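Enquirer: Sequence:
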Amino acid sequence: MDEPNSAYSLPVMHITGPGGTVDWGTWTEFMDKSTNTFQGVYKPNGTISDYSRDNVVAMGRKLRLENLGYTALSQVDHFVTSSSSWVRPEDLWLIRCDGVVEYCYEWYGYRIYGSDTLWDITKGGIANLNHHNIANITPKKQAQNWMTKVQSTKP
6 MDEPNSAYSL PVMHITGPGG TVDWGTWTEF MDKSTNTFQG VYKPNGTISD
56 YSRDNVVAMG RKLRLENLGY TALSQVDHFV TSSSSWVRPE DLWLIRCDGV
106 VEYCYEWYGY RIYGSDTLWD ITKGGIANLN HHNIANITPK KQAQNWMTKV
156 QSTKP
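Letter 86 of the sequence shown, counting from 1, is numbered 91 in the numbering used here, and no numbers are missing.
It is worth saying that the hints were derived from the structure and are not from the lab. Being a predicted model, the structure only gives us computed values, none of them experimental. Be aware that a few hints might be false.
[Unchecked claim] Result set (DSS-like, lysine-lysine): computed pairs, CA atoms no more than 27 Å apart in a straight line:
1) K48 <-> K67
2) K145 <-> K159
3) K128 <-> K146
4) K48 <-> K159
5) K67 <-> K159
Starting from the given sequences, assemble the full structure and let the hints guide the process.
Expert: Set out below in structure tokens:
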């Protein structure tokens, strides 16, 4: 979603899957894949201001410009090994669909998934990177266990 009005749902920011990159498209383009099944509209637990939401959207736009590849194995992949370093958008090289969501929110401090010490996907370190792999978190788990459903009807 790329408009300042939270009720507006186009375009949709997403990664197009294997062989794809982070991009935006219409709702129809997003859902026009045999593997995409609408699960609902979700937001981080707690409240988010319009200003912060706009920042999250802006980060999605930035990720779109990074030409990131897709990975099924973890939410993100990068080369930042120091746990005291931030993982900036230009440090990423692979990302999964739930990683797009999580990275955009967590860059601005909105916790989506993770333990009290390893929740921030935008922080470097091998332990943090491993905490966000397929064995621990999936797109379905992210939405159903770590976010709040806003609506179950299609936008």
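Enquirer: So, for every hint listed, does it hold in this structure?
Expert: To see whether the hints hold, each was checked on the structure:
| no. | hint | verdict |
| --- | --- | --- |
| 1 | K48 <-> K67 | holds, 20 Å |
| 2 | K145 <-> K159 | holds, 17 Å |
| 3 | K128 <-> K146 | holds, 21 Å |
| 4 | K48 <-> K159 | holds, 15 Å |
| 5 | K67 <-> K159 | holds, 26 Å |
Hint compliance for this structure: every hint is met.
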